[in-house]
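Visitor: Below, each chain spelled out in residue letters.
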Amino acid sequence: MRAKTLALLTLIAFGVLFFAACGDDDDSGGAAASASNTPPAVATTATDAASETRPAQIGGEMILATTTSTQDSGLLDVLVPMFKDQTGVNVKVIAVGTGASLEMGAKGDADAVLVHAPASEKKYVDNGDLVEGQLVMHNDFVIVGPSADPAGIRGEKDLATTMQALAEAGGFISRGDDSGTHKKELELWKAADIDPATVNAREETGQGMGATLNVANQRQAYTLTDRGTFLALRDGFDLEVLFEGEKTLLNVYSVYLVNPEKHSAVKVEQARAWIAFLVAPETQALIGDFKKAEYGEPLFTPDAGKSLEDLGS
Amino acid sequence: MGAAAPGPVNDIRCEQLRFARGRQLVLDIPALRFAQGRVTALVGPNGSGKSTLLRLISALERPTAGRVLIDGNAVTPKLVREAVAYAFQAPVFVTGSVASNLDLALRLRHVPAAERESRIREAAAACGIEPLLHRDARRLSGGESQRANLARALALRAPVTLLDEPLAGLDAPGRRQLLHDLPRLLRQFASTTIVVTHDRDEALRLADEMVVLIGGRVRAAGSRAGVFARPPDAATARFLGYTIIPTKDGGVVAIAPRVLRAAPGDVPFVMDVEDVLDLGIRREAWGTIAGVQVSVSLPPGEGELPPRIEVSAPTGAVLRFEAGGEL
Amino acid sequence: MEAIWEGFREAIRLIATGDPELREIALRTVVVSGSATLLAMMVGVPTGYALARGRFPGRTLALGVVNTGMGVPPVVAGLVVWLLLVRSGPFGEMELIYTKRAMVIAQFLISLPLVVGFTTAAVQALPRELPDLLAVLGAGRLRTLWLIAREAQIGILAAVIAGFGSVISEVGASMTVGGNLRGETRVLTTAIVTETSRGQNANAMALGLLLTWVQQRRVR
Numbered sequence: 001m002r003a004k005t006l007a008l009l010t011l012i013a014f015g016v017l018f019f020a021a022c023g024d025d026d027d028s029g030g031a032a033a034s035a036s037n038t039p040p041a042v043a044t045t046a047t048d049a050a051s052e053t054r055p056a057q058i059g060g061e062m063i064l065a066t067t068t069s070t071q072d073s074g075l076l077d078v079l080v081p082m083f084k085d086q087t088g089v090n091v092k093v094i095a096v097g098t099g100a101s102l103e104m105g106a107k108g109d110a111d112a113v114l115v116h117a118p119a120s121e122k123k124y125v126d127n128g129d130l131v132e133g134q135l136v137m138h139n140d141f142v143i144v145g146p147s148a149d150p151a152g153i154r155g156e157k158d159l160a161t162t163m164q165a166l167a168e169a170g171g172f173i174s175r176g177d178d179s180g181t182h183k184k185e186l187e188l189w190k191a192a193d194i195d196p197a198t199v200n201a202r203e204e205t206g207q208g209m210g211a212t213l214n215v216a217n218q219r220q221a222y223t224l225t226d227r228g229t230f231l232a233l234r235d236g237f238d239l240e241v242l243f244e245g246e247k248t249l250l251n252v253y254s255v256y257l258v259n260p261e262k263h264s265a266v267k268v269e270q271a272r273a274w275i276a277f278l279v280a281p282e283t284q285a286l287i288g289d290f291k292k293a294e295y296g297e298p299l300f301t302p303d304a305g306k307s308l309e310d311l312g313s
Numbered sequence: 001m002g003a004a005a006p007g008p009v010n011d012i013r014c015e016q017l018r019f020a021r022g023r024q025l026v027l028d029i030p031a032l033r034f035a036q037g038r039v040t041a042l043v044g045p046n047g048s049g050k051s052t053l054l055r056l057i058s059a060l061e062r063p064t065a066g067r068v069l070i071d072g073n074a075v076t077p078k079l080v081r082e083a084v085a086y087a088f089q090a091p092v093f094v095t096g097s098v099a100s101n102l103d104l105a106l107r108l109r110h111v112p113a114a115e116r117e118s119r120i121r122e123a124a125a126a127c128g129i130e131p132l133l134h135r136d137a138r139r140l141s142g143g144e145s146q147r148a149n150l151a152r153a154l155a156l157r158a159p160v161t162l163l164d165e166p167l168a169g170l171d172a173p174g175r176r177q178l179l180h181d182l183p184r185l186l187r188q189f190a191s192t193t194i195v196v197t198h199d200r201d202e203a204l205r206l207a208d209e210m211v212v213l214i215g216g217r218v219r220a221a222g223s224r225a226g227v228f229a230r231p232p233d234a235a236t237a238r239f240l241g242y243t244i245i246p247t248k249d250g251g252v253v254a255i256a257p258r259v260l261r262a263a264p265g266d267v268p269f270v271m272d273v274e275d276v277l278d279l280g281i282r283r284e285a286w287g288t289i290a291g292v293q294v295s296v297s298l299p300p301g302e303g304e305l306p307p308r309i310e311v312s313a314p315t316g317a318v319l320r321f322e323a324g325g326e327l
Numbered sequence: 001m002e003a004i005w006e007g008f009r010e011a012i013r014l015i016a017t018g019d020p021e022l023r024e025i026a027l028r029t030v031v032v033s034g035s036a037t038l039l040a041m042m043v044g045v046p047t048g049y050a051l052a053r054g055r056f057p058g059r060t061l062a063l064g065v066v067n068t069g070m071g072v073p074p075v076v077a078g079l080v081v082w083l084l085l086v087r088s089g090p091f092g093e094m095e096l097i098y099t100k101r102a103m104v105i106a107q108f109l110i111s112l113p114l115v116v117g118f119t120t121a122a123v124q125a126l127p128r129e130l131p132d133l134l135a136v137l138g139a140g141r142l143r144t145l146w147l148i149a150r151e152a153q154i155g156i157l158a159a160v161i162a163g164f165g166s167v168i169s170e171v172g173a174s175m176t177v178g179g180n181l182r183g184e185t186r187v188l189t190t191a192i193v194t195e196t197s198r199g200q201n202a203n204a205m206a207l208g209l210l211l212t213w214v215q216q217r218r219v220r
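Residue numbers (our numbering), protein chains in the order written: chain A, 1 to 313; chain B, 1 to 327; chain C, 1 to 220.
So that you can see chain A by itself, here it is in the shape it has in the complex:
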């Protein structure tokens, strides 16, 4: 009987302790996210950059809504800690689909939005939901497929011909999740005047890029992917780039501030600092170097200061 009381008290004590431990998120259960899963990128550039005109230490937190492919590329795993070092701001990266990110911005559930679907973004900009937008970088989409290339698109330069060949002879895996990639894919079919619903061998996974590539790999079929994700994951797959370079395949990343006049809870200071950070020269240089050593080619091309027209999109 005594033992039971003791056990109960211990349990309650633990309970109080636990809940208290869940309180702080700034010095949370793990110290710095020292990665074993993601190798740190170009560290040297960061230290050099740190010695110049320093943005003020603002501190605080902000929510960044972005896409899964952006997060999967690993770039944010480098940029976010760097930003925190410089400004003390803790960025909570919420990676959902393009549609959801934009909606989060519209509803004020995020402070900044980083997406890559200019056509969709336009609506929100026109609406005044997203303001102070800046081009950050671009990468491109590529169509990858099995080395055997049953649809014979390797080397083909024309978009319509390629899409036609895929409709007839390829298996094609679509993300089907309303993401930027998905929307780009639909654009491609449209440009070739093909209704994707009529393509028999096309399947939609409804999932992120990594998972979709997985399926394409399993089925030895084709899919549209951003180069970044593919480069990051290609070692695990039996696929190669078979169509690239076409102007429609450009994937342009922009960052926006969620309009503080529409949503008073927006962390304006932090979000503006983040945007400034992304277009700052050192950061841009870093973006241009990201993963270059590892993959032999850069993942992204920094674009700060340019406009959409400049990129021919």
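Calculated from the structure, these hints are not laboratory results.
Note that the structure is predicted; figures quoted are calculated from it, not measured.
In this text, a Cβ means the ideal position worked out from N, Cα and C, and glycines have one as well.
Heads up, some of the hints might be wrong.
Simulated restraints, written as ranges between beta carbons of each label pair [unchecked claim]:
no.: 1; chain 1: B; residue 1: ARG184; chain 2: C; residue 2: MET42; range: 47 to 53 Å
no.: 2; chain 1: A; residue 1: ALA285; chain 2: C; residue 2: GLY69; range: 36 to 42 Å
no.: 3; chain 1: B; residue 1: GLY169; chain 2: C; residue 2: GLY69; range: 26 to 32 Å
no.: 4; chain 1: B; residue 1: PRO112; chain 2: C; residue 2: PRO90; range: 55 to 61 Å
no.: 5; chain 1: A; residue 1: LYS190; chain 2: C; residue 2: ARG217; range: 53 to 59 Å
no.: 6; chain 1: C; residue 1: GLU93; chain 2: A; residue 2: ALA285; range: 37 to 43 Å
no.: 7; chain 1: C; residue 1: ASN67; chain 2: B; residue 2: GLU82; range: 39 to 45 Å
no.: 8; chain 1: A; residue 1: LYS190; chain 2: C; residue 2: ASN67; range: 46 to 52 Å
no.: 9; chain 1: C; residue 1: GLN124; chain 2: B; residue 2: ARG205; range: 36 to 42 Å
no.: 10; chain 1: C; residue 1: GLU2; chain 2: A; residue 2: PRO150; range: 21 to 27 Å
Using the hints provided, position chains B and C relative to the given structure of chain A.
Guide: For chains B and C alone, kept in the frame of chain A given last:
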């Protein structure tokens, strides 16, 4: 007076007591008294409301109307906590040894530690469960758990003790033994006691007083002998073991439990009038007893029954007016 | 097949070398799910007890709610909590979204119906006469609660285990309200999703093994 009954009068009284479950009236008792210090057998068929009455006396249920008084005080959970010991028909124990179960009961009654030990030993010895004290209370045999249940109730030495079928579930030898011991135990530990039973033998052996409850109503109450000798109606008589024979003119005759043998040729035979009860208008009665057609004829006239009555049966018939058996 | 074997090897390596991020994630998983279950226990066991024993108006309704709650998919619970805590929601100002506290809240709501339901069943399974016995003997309300809980302790323990099991293996709600933020709200289940979606099957496997191990340890 028993050793366990201190000062106050601990009688139990029911006044205008009614208990309904939903629409159905389960108990309807205008007035009933269980005498102080006596053992009363509460008997009746299944479903007659005996357990309900016990639950009302122990404040486990609240009356729909009327009240129950112990020693003039209305029954409340608080009063019950101090004054009532109730042994359920199906013994229930908590996890632990028999001794710890008894100890728990005494602790809940605020009996100081030193006294608890002696009381446990005393009750255990009296009920013959001393060797069982350290056994897991939930692993006892039927007879053992009945005795442990009883010991727990008796150890409380409460002014009011309620026993619900204390001999239920015992095999014949166990029953015999406990039936033999119980009167002494009650005298030693209990004061005012109500024993619910459906067995005539138990009622006869254990109780001084008897209350017959049928269909939620008290049919008879009083001394054991009195109730047995004078059941007020056919239902009660049947319940007490009488054989009921309807008469030609719409009445009934009840014949007390006994066995009569009509030897070949020994027909008709006669019965003493004590064994025959007149419960209605009749001159002649006939019916079937144990498959045998009998007729009872009573001499014509009004008023008292003659001292002897003829019972006719076919030659060689054996008439059993059952003694003992179910109440 | 190759992938599984390779994953297994990587898993052992990560666990054996005490990989710090893995440990951090595992610890956080236990802390979050543990707190949620503990809270569910502190609220749920007395509630289950009251539902089993009490007679009050609306009891049938309450029992119905508990039963429904048990069948609600965790991801739906997560969605509801997300809608409540997100900035544009009613409790947005509390800035709880994407924090461990939010995950504890969601997991608490997921495990609570299980704890209540199983506790109610455990108490109801006790002999009917037990509460009567305790009442007549004179046990006060608190004493009765203690004794009955003691009698039903095995069933109550099962309730808590069921509650814990339901949240430690849950991914939908944790993902939605926690955001799977590295170093902050990433737990074993959400980490598995991340690794899988990145094609890092070996890492996912390691996390999966660790998750299974953690669950078994806690149950014991």
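Visitor: Are any of the numbered hints broken by this structure? If so, which, sorted upward?
Guide: 2, 3
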